[in-house]
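Add chain V to chain C, keeping to what the hints say.
Protein chains in written order, with our numbering: chain C, 659 to 881; chain V, 200 to 408.
Derived by calculation from the structure, the hints in this document are not laboratory data.
Zero decoy hints are in this set.
If you want a taste of the chain V side facing chain C, the calculated C-beta under 10 Å gives, among others:
#: 1; residue: 269
#: 2; residue: 272
#: 3; residue: 273
#: 4; residue: 279
#: 5; residue: 280
#: 6; residue: 282
#: 7; residue: 288
#: 8; residue: 319
#: 9; residue: 320
#: 10; residue: 376
#: 11; residue: 379
Here are a few chain C residues that sit away from chain V, every Cβ distance over 12 Å (derived from the structure):
#: 12; residue: 712
#: 13; residue: 797
#: 14; residue: 799
#: 15; residue: 848
Each residue gets a CB set at the ideal place from its N, CA and C atoms; glycine is no exception.
Given next are the chains, with one letter for each unit.
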Amino acid sequence: MSVGIVLVSHSAKLAEGLAELAAQMAPDVTIVPAGGLSDGSIGTDYDEVVAATQRADHGDGVVLLYDLGSAQMTAELAVESLADPSAAIVADGPLVEGAIAAAVAAQAGRSRKAVAEAAAAAGIPEDLAPAEATGDGAEIELELRNEVGLHARPAGLLVRTLSAFDADVTVRLGDQEADAHSVLGLMSLGARQGDRIRVRATGPQASAALEKVKELVDGDFGE
Amino acid sequence: MACTADGVATAVRAAAAVVAEHRVELIDLDRAIGDGDHGENLNRGFAAVVAALDSAVPDTPGGVLKLVATTLISKVGGAAGPLYGTAFLRASAKLGPAGELDVPALLEALRAGLEGVQARGKAVGGDATMVDALIPAVSAAEKAAADGGDVAAVLTAAADAADTGAESTVDLVPRKGRASYLGERAVGHLDPGARSSALLLRAFAEAAR
Numbered sequence: 659m660s661v662g663i664v665l666v667s668h669s670a671k672l673a674e675g676l677a678e679l680a681a682q683m684a685p686d687v688t689i690v691p692a693g694g695l696s697d698g699s700i701g702t703d704y705d706e707v708v709a710a711t712q713r714a715d716h717g718d719g720v721v722l723l724y725d726l727g728s729a730q731m732t733a734e735l736a737v738e739s740l741a742d743p744s745a746a747i748v749a750d751g752p753l754v755e756g757a758i759a760a761a762v763a764a765q766a767g768r769s770r771k772a773v774a775e776a777a778a779a780a781g782i783p784e785d786l787a788p789a790e791a792t793g794d795g796a797e798i799e800l801e802l803r804n805e806v807g808l809h810a811r812p813a814g815l816l817v818r819t820l821s822a823f824d825a826d827v828t829v830r831l832g833d834q835e836a837d838a839h840s841v842l843g844l845m846s847l848g849a850r851q852g853d854r855i856r857v858r859a860t861g862p863q864a865s866a867a868l869e870k871v872k873e874l875v876d877g878d879f880g881e
Numbered sequence: 200m201a202c203t204a205d206g207v208a209t210a211v212r213a214a215a216a217v218v219a220e221h222r223v224e225l226i227d228l229d230r231a232i233g234d235g236d237h238g239e240n241l242n243r244g245f246a247a248v249v250a251a252l253d254s255a256v257p258d259t260p261g262g263v264l265k266l267v268a269t270t271l272i273s274k275v276g277g278a279a280g281p282l283y284g285t286a287f288l289r290a291s292a293k294l295g296p297a298g299e300l301d302v303p304a305l306l307e308a309l310r311a312g313l314e315g316v317q318a319r320g321k322a323v324g325g326d327a328t329m330v331d332a333l334i335p336a337v338s339a340a341e342k343a344a345a346d347g348g349d350v351a352a353v354l355t356a357a358a359d360a361a362d363t364g365a366e367s368t369v370d371l372v373p374r375k376g377r378a379s380y381l382g383e384r385a386v387g388h389l390d391p392g393a394r395s396s397a398l399l400l401r402a403f404a405e406a407a408r
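Okay, chain C solo, but in the shape it has when bound (with noise of 0.2 Å):
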């Protein structure tokens, strides 16, 4: 199983929204939105934060990713009330990208402390390395045909596909290059239908995660 996540906001569209999209990029991940009052005005439940909290878990914890202010008060009441306290983690990072980070991390089997950095991380502004002329490992390079290029789902996927291999996987475009580990380092390269990007692989099973990659862009990424 995987790490459960429950997203406290103080609105429950905002919640439902934000698990939809989540869901996208971690089709095995319990989200859990928990946003608004019990009467449908704006507010964080804590009652209802505790029954997410619960409902998530199946085992291996969960992380609970919140808006503003109050909303952390909830969550972390919420925690400290729990039978065992040490299953639930609050995430300290933006909600929309720390959720979406938080989903693919779980997706992959990471641990909730594992799940938490990376909903934590994805505050800090993506480290686009410029990409080097040399290095170790073999490179592909594919073109995108897919509509959206490498957008949330496609770069989901590819990270969630990835997690498979014991393999570095970096992506390049231009001279920007970006871990192919990292939904949002991903989608900040910006590469979009029609692009060519280079794909670098180092470790036990770098041909066999190349392979895998230019499946997935030879095939559209499902689309």
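Frame of chain C, contents of chain V only:
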């Protein structure tokens, strides 16, 4: 003089009445520098507390405060829920199963409540929050107790200091909560959380007389 569970419940009902009476004032204070929900949220929370006390009064002072805590946490919705909820929860934990609230226990509860608010909201003195009412309140309560005051005298000293402390937020630049978004523009406004803290302590003090 010590205070039983019924006495604490009476004080809580008095606090609920004061919150209802000042609902519009708190809304107006919050509207000036926040989102305007403080009076409404707190009133909803305390109305629910009264309803819970109407069905059954727990048999210890700690039990009453725990009921207040869990009800506020569940019903308030805004920041005041987790903040006051944590304060009452920690105060109730300090009181434990004791059947009466005496001055030493009251001091422990007040200190624990302040610590709870600070742990939850991460605010320190001078941030223009309820902490600016509560820090002087706890100091004054300690002093009144050292001078031999009873529960009523200790709470009265706390309420007086909380009033002065709350007033001090008018000149402060908020550094926590929604009001901090306004920065300098919030100077000149009384913090609604500090005001409600002072109101609650005053209600408790009046009820203890």
